[in-house]
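Novice: Same order as they appear, the protein sequences are chains A and B.
Mapping to this note's numbering: the first sequence position 328 is 328, numbers consecutive.
Mapping to this note's numbering: the second sequence position 16 is 803, numbers consecutive.
Derived from the structure by calculation, the hints contain no laboratory data.
Treat the hints with care, as some may be off.
As the list claims (entries may be wrong) - Heads up, simulated DSBU-like pairs for lysine-lysine below, C-alpha to C-alpha not over 35 Å straight-line:
hint, chain 1, residue 1, chain 2, residue 2
1, B, Lys932, A, Lys442
2, A, Lys70, A, Lys55
3, B, Lys842, A, Lys16
4, B, Lys907, B, Lys842
5, A, Lys763, A, Lys149
6, B, Lys798, A, Lys452
7, A, Lys55, A, Lys16
8, A, Lys722, A, Lys697
9, B, Lys907, B, Lys943
10, A, Lys442, B, Lys842
11, B, Lys907, A, Lys597
12, B, Lys907, A, Lys444
13, B, Lys907, A, Lys22
14, A, Lys16, B, Lys932
15, A, Lys452, A, Lys783
16, A, Lys22, B, Lys798
17, A, Lys452, B, Lys842
18, A, Lys722, B, Lys798
19, A, Lys444, A, Lys697
20, A, Lys697, A, Lys89
21, A, Lys442, A, Lys430
22, B, Lys798, A, Lys16
23, A, Lys22, A, Lys275
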Amino acid sequence: MTETGIGAPVRRTEDKRFITGKGRYTDDINVPHQTYASFVLSPHAHATINGIDTKAAEAAPGIVAVFTGKDVAEAGIGGLICGWMIHNKDGSEMASGAHPALANDKVRYVGDHVAMVIGETLEQARAGAELIEVDYGVLDANVETGKAKDKSAPQIHDAAPGNAVYEWAIGDEAAVDAAFEAADHVTSLDIVNNRLVPNAMEPRAAIGDFDAGTGDFTLHTTSQNPHVARLILSAFIGLAPENKLRVIAPDVGGGFGSKIFVYAEETLCVWAAGKIERPIKWTSSRADAFLNDAHGRDHETRAELALDKNGKMLGLRVKTVANLGAYLSTFSSSVPTYLYATLLSGQYNLPAIFCEVDAVYTNTAPVDAYRGAGRPEACYVIERIVETAARELNLDPVELRRRNFVAEFPHETPVIMTYDIGDFGASLDKALDLADYDGFGKRKAASEANGKLRGIGFSTYIEACGIAPSAAVGSLGAGVGLWESAEIRVNPTGNVEVLTGSHSHGQGHETTFAQFTADRLGIPMDQVSIVHGDTDKVQFGMGTYGSRSGAVGMSAMSNAIDKVIAKATKLAAHLMEASEGDIVFENGSFSVKGTDKSLAFGEVSLAAYVAHNMPEGMEPGLKEGAFFDPANFTFPAGCHICEVEIDPETGTTEIANWVAVDDFGTIINPMIVEGQVHGGIAQGVGQALVEGAVYDKESGQLLTGSFMDYCMPRADNLPSFKLGFTETVCPSNPVGVKGCGEAGAIASPAAVMNAVTDALGVKDVPMPASPATVWQAIQSSTKQAAE
Amino acid sequence: MPTVSMTVNGKSVSGDVSANTLLVDFLRETLGMTGTHVGCDTSQCGACVVHVEGKAAKSCTRLAVQCEGAAVTTIEGLASGGDLHPMQEAFRDNHGLQCGFCTPGMIMAGVDLANRRGNKLDEDTIRNELDGNICRCTGYHNIVKAIAAGAAAMDK
């Protein structure tokens, strides 16, 4: 391994601009003659719109234009879409209520967009928005996940009777029933996966622009997938043909899923820029981000696990209600179905699984993919119930897991996944060693001597990443294929531009991809530039989410690099008058076996562009592309162990120790991979201990609408993490990588809550396990013990 | 409209502002210095931390006119010539950043922390002192390492 080769912890190329304040995020960009947009948002969770008076706003100083839902509807602009069709158990299609970019007759959650006010300055736009008079007819709000379908619950969309989006199921119900009849022991658990607000540190922003001379639109936006955004804005919303709409996602300050989706604001900035023939800039406030960025999670689940007397798992039955909010966001419908229930087998040889999911509308913000998207919810169900079962059976949770681990691959689960490779025992063993499991008893005793409660919790997680085989997701209802593209553009002087459809918003692609390409081509890393995030520069691509940029994006690069090397080898053979079979490409040099003849990569590329001496029939130039469509999902897996110490006087939980051992297959840059794991764990610990979006059950007001009310994990909520890796090389892509972006967020909530419940000796504590919640749990269990 | 004058990164600057213009908006909009970021509206996130008269300040919570005559340092002014400040170097070397959005505030807060609490900073001190800066990407693990290393390097 060289200093910058595959496997080296190369320092990041992109850091130079970020640490010197030279990053270029959307809000840093200003376009000449730009105007500013401010949106009027609904203050009510559920109300009819009886009228909107825009006169005072239109007459206010500096107001350029005011638009309402009526204007958007009259312009024939389509509503925001959900791109994944889910079918009900009876085969019928899910119910999907219309989602106009500006509400027409009704608002359906606090923050729903009612009017767009455009001003010469931001202050004027905001002042104008204050002058919009909306006559609302306030309706009762339908807020609670578990009660959304009650007969008395207010009806939100005419298209979705009873507020049901779909009633979906997967697995073999009869086989599960039989497994439960044969069971010696059944463990059941009612759990809630709390609603989260993504809170990427950079708020969303957009600048829409229109060139009246050419008819071209440009959108600068905070997107994880600019091509997908363009496709949706063009083909489904109907703003402009794809060839007349350029979408640029420059530096993006974190996404975590929330910047996958196409929202009302960027849609309207593009559309209205065409109307007023001037650029329009909009930047979200944090307050608006809380209201309007798609939230995550929000499941209520009952799970039952059937086991025999030896602790062998026989069957799993799961019933989940998933809250999708007031409208179906871009990929929302897939999250509690194919990204969730298909992972309920965990790392276990579970012969039968049946899962039903009822998705419901409520008067809350739309819910969609958030780091992990469905897989953290699945991991939480299976890892919490396995730990609970071990306690009920008086078995070591480690032992119960070992008895049930899948050990042979490929392994078909009862919920349509085929695990291609893994070694679950190896990651567990390594984690136990790093966590000093044998010393836990001593540490617990020491804590008790100090009046503290100590607990340990495990999470042996698996996830399906690298989404995904296009035909497979198509058969499951996806409206798009999930391949990725790459183009390797070798310049005459031998340096290289890599054009990728993946998008970096913190993941360090400019480093990892350059490191990979430089290693494969045997050239210095600084001779490789990564180009991404601009539909005018990069061929179509699907973007970054689902831990897919390595497994799918880099695989496309790998295949394109293969093509470059193949062409260059042919050309080198011709130039050195050798047979192609005698050419060896190594360390950036083409040499003829058994001779001292060789040509450097740059010499061959120059020859390809000078083109004075090409082989018969070979085109000049050295530029190759590839579209990679994976054969299977990838299956990162591993073991996280969390040890907590709880102060029973205050209910404060401190994470005393954290071990994570992950199998991500081949690792290109371990420094970056470790960083991804750290961040994922922090988000999972945030969910478990401090974060939770809360709506008032009556009014539907978001009670946790700022960083003062919604607790983000701070440095002092977290420990330093101990990480380890095991490696089974992924057989489903040419790079051997599995993906690492979401693992931490998937594994960690279950590890924390298994540790907290272990410390308290109770079956369940709701997330977030805040000091008040934990203190209450201690009081109730003490009271129960006394009774 | 009042005119405000101050020294930013060693240069005298002045501009017309509203009485309610925030320092961060003066930096970003009037001066075009976009290295200082805005991540919230409640003074919680710390993405906007700059130094005013050598001390860390949240530039979203200070009016531009309050800084009349003051010496302000932003992330753009931390490096001297071609050399990165030791804290910048430490963030890069320890992978203390991912998306980069909170980073300017983190680095400015880190320098301030070393100025206030010395060059030998233990993990607990750093974690406790960082409660005014939120990062969503890194889990703080490498930020803590970076600040310890950066503070130590500032001693040299």
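Novice: Hints first: check each against the structure and report whether it holds.
Specialist: Now the hints, each set against the structure:
1. Lys932/B <-> Lys442/A: 29 Å, holds
2. Lys70/A <-> Lys55/A: OK: Lys70/A and Lys55/A at ~15 Å, within 35 Å.
3. Lys842/B <-> Lys16/A: 24 Å, holds
4. Lys907/B <-> Lys842/B: It holds: about 19 Å lies between the C-alpha atoms, which stays within 35 Å.
5. Lys763/A <-> Lys149/A: Holds. Lys763/A to Lys149/A sits at ~28 Å (cutoff 35 Å).
6. Lys798/B <-> Lys452/A: 55 Å, violated
7. Lys55/A <-> Lys16/A: Measuring from Cα to Cα gives roughly 50 Å; hence the hint is violated.
8. Lys722/A <-> Lys697/A: Cα-Cα ~41 Å, so violated.
9. Lys907/B <-> Lys943/B: 12 Å, holds
10. Lys442/A <-> Lys842/B: It is violated: about 45 Å lies between the C-alpha atoms, which goes past 35 Å.
11. Lys907/B <-> Lys597/A: Violated. Lys907/B to Lys597/A sits at ~57 Å, over the 35 Å cutoff.
12. Lys907/B <-> Lys444/A: 32 Å, holds
13. Lys907/B <-> Lys22/A: 29 Å, holds
14. Lys16/A <-> Lys932/B: Since the Cα atoms of Lys16/A and Lys932/B sit roughly 18 Å apart, the hinted pair holds (cutoff 35 Å).
15. Lys452/A <-> Lys783/A: Since the Cα atoms of Lys452/A and Lys783/A sit roughly 19 Å apart, the hinted pair holds (cutoff 35 Å).
16. Lys22/A <-> Lys798/B: Holds, because 18 Å separates the two Cα atoms, which is no more than 35 Å.
17. Lys452/A <-> Lys842/B: At roughly 39 Å apart (the allowed maximum being 35 Å), Lys842/B and Lys452/A break the hint.
18. Lys722/A <-> Lys798/B: With a Cα-Cα distance of about 45 Å, the restraint between Lys722/A and Lys798/B is violated, given a limit of 35 Å.
19. Lys444/A <-> Lys697/A: 40 Å, violated
20. Lys697/A <-> Lys89/A: 30 Å, holds
21. Lys442/A <-> Lys430/A: With a Cα-Cα distance of about 20 Å, the restraint between Lys442/A and Lys430/A holds, given a limit of 35 Å.
22. Lys798/B <-> Lys16/A: 23 Å, holds
23. Lys22/A <-> Lys275/A: 33 Å, holds
Violated hints, in rising order: 6, 7, 8, 10, 11, 17, 18 and 19; the structure is consistent with all others.
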